[in-house]
Amino acid sequence: MPKSWPMCTDMSMLLELQMRLRRAVLGGDTVEIVAAIQGDGLDPAARVGIYRHHAFATLGDALQGTFPVVCRLVDKRFFAYAAHEYLREHPPHSRCLVEYGADFADFLASFAPCEKLPYLADVARFEWALNIAATVREATPLQAEMLAAVPAQEAAYVAVRLQPSLSYFASPWPIDAIWQANKEDEVPPIDITSGGTSLEIRRAGEAVSWRRLDPGTFEFRTALADGLVLAAAMAAATLKDPAFDLTAALQHVFNDGLAVAFFVSPEQETPR
Amino acid sequence: MTKRRPIPSCSVGIGLRSPHVSEIAATRPAIGFLEVHAENYMAETPALDRLLELRRDYPVSLHGVALSLGSAEELDRRHLCRFKALMERIEPLLVSEHLAWSAIGGAYLNDLLPLPYTEASLHLFCRHVEEAQEALGQRLLIENPSAYLRYRYSPIPEPEFIGEVARRTGCGILCDVNNIYVSAWNFGFDPAAYLDALPVDAIREIHLAGHHAAEDVDILIDDHSSRVVKPVWELHAAALRRFGPVPTLIEWDTNLPTLEVLLDEANHAEELAYVHRYVDAA
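Residue numbers (this note's numbering), protein chains in the order written: chain A, 1 to 272; chain B, 1 to 282.
The shape of chain A in the complex, shown without the other chains (with noise of 0.2 Å):
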């Protein structure tokens, strides 16, 4: 038991206070708090563990609202041992609950006892994905016709900002078919090892949609969500489909009402 504990008497000690207690309730370890608590006929460290047990449960279930089919493939009890172990080492920063677990996957990626699931990861990129539609609203789609005020020799330059609710995803695991088959009552049999897939996943008024992109369109696009300027997406999309079509392909970004914003940018670096 430390000697001293804090009183609280300045902010100071409130701070040391209140770091103890996140230690406590995150890490489990009451020893350097439970001086500072009274006890009231109860140990202190059960009082501790109220408020632990209060935190992992919500944080748990907000987890398991986020990412239901992971939970579905893992099963309850094994889900909120991943969870817990997460949860210790990356509490939340936002305190809006469904902004919590954008590093979810990568935890689960590098979580050994996963390892005999190896599309597990993907599965919780996706419904993260799917957690971002969900929650960001669509802008404004751009029509095709602001373009053409670029002049013609700037065009290669011009950046596309896209919808914020997009994501783009690409897997080696058929990641779209397995989602879907565990949110089935009874889950249909799925070959796992019928490919990958390359997803994009958006907010469609309402509603969540994803669908699956051929090579060349799927790199165009998620060069554009990363910043690039057409020449550079469309460098990329070559390397994928040697008949990459730019025209038609932007043109598809428009009609799908995807670009919000574009601007010109000759800084950036193009291929030549």
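Hint data in this document are derived by calculation from the structure and do not stem from the laboratory. You may find that some hints are simply not true.
What the simulated footprint calls covered on chain B by chain A, stretch by stretch (three residues with Cβ under 8 Å from a Cβ of chain A suffice, anywhere in the stretch; the number is not a length) [what the hints assert, rightly or not]:
hint : segment
1    : 21-35
2    : 45-54
3    : 182-188
4    : 211-221
All C-beta atoms in this analysis are idealised placements derived from N, C-alpha and C, irrespective of residue type, glycine included.
Keeping the supplied structure of chain A fixed, place chain B upon it in accordance with the hints.
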């Protein structure tokens, strides 16, 4: 409707939870006001759109759970800005927060952790209430927490502390009657004496909710998962006698009942308000 209607002092509201939204929108039951947790509506979800529709017909009260006014560090300005942005869209009649802290050092613990009640923490808490009121442009109501621990060095009694916060900052008090009952049970104090120690003029809202007894220890857990228990109704009646009519909310956040059950609880609170107004006061 753009003009904001005040919440009548005798009105009873319910906490709005998503499984009840469609039924409320379809049947438009008589409810005094709807209260929502601010943090549940800061993202651009369809739920926000539903709330914006309901607010045309019901006064809305915004209940913050994460401003963490008791943290021994600066307030989260980004979160305050989001709170303010939501207020501008909802135009809430009441805005409340807690006498607690929930975040420190960049970690949000999603729990209402207790403060030690000292001169230093009083000074800090008042400064944060003032900063929040200024940033939000609205008087806050501060709710007394339910608690499972108290600190060895905490010389100011809680009702005195919250009363002093109200006096120094001009904020109102959200008197959670169930929280008083839960804390009184957990620490062995007299809940009626707590009520008597609160400043009558500062009370602007009352919360009522259910709780449950922990399995292995003699502790009550404030989990908003059941009907309000009889002793809490009795304490509420005492609160009405002391404070007069105050907008009252039924909170039910987990293990949700049907809307019918929730409205039945609200009806009971309305009956009590009626009894107080026309019988007790006579």
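Please list, smallest to largest, the hint numbers that this structure does not respect. Number 1 - this is the single hint that the structure violates.
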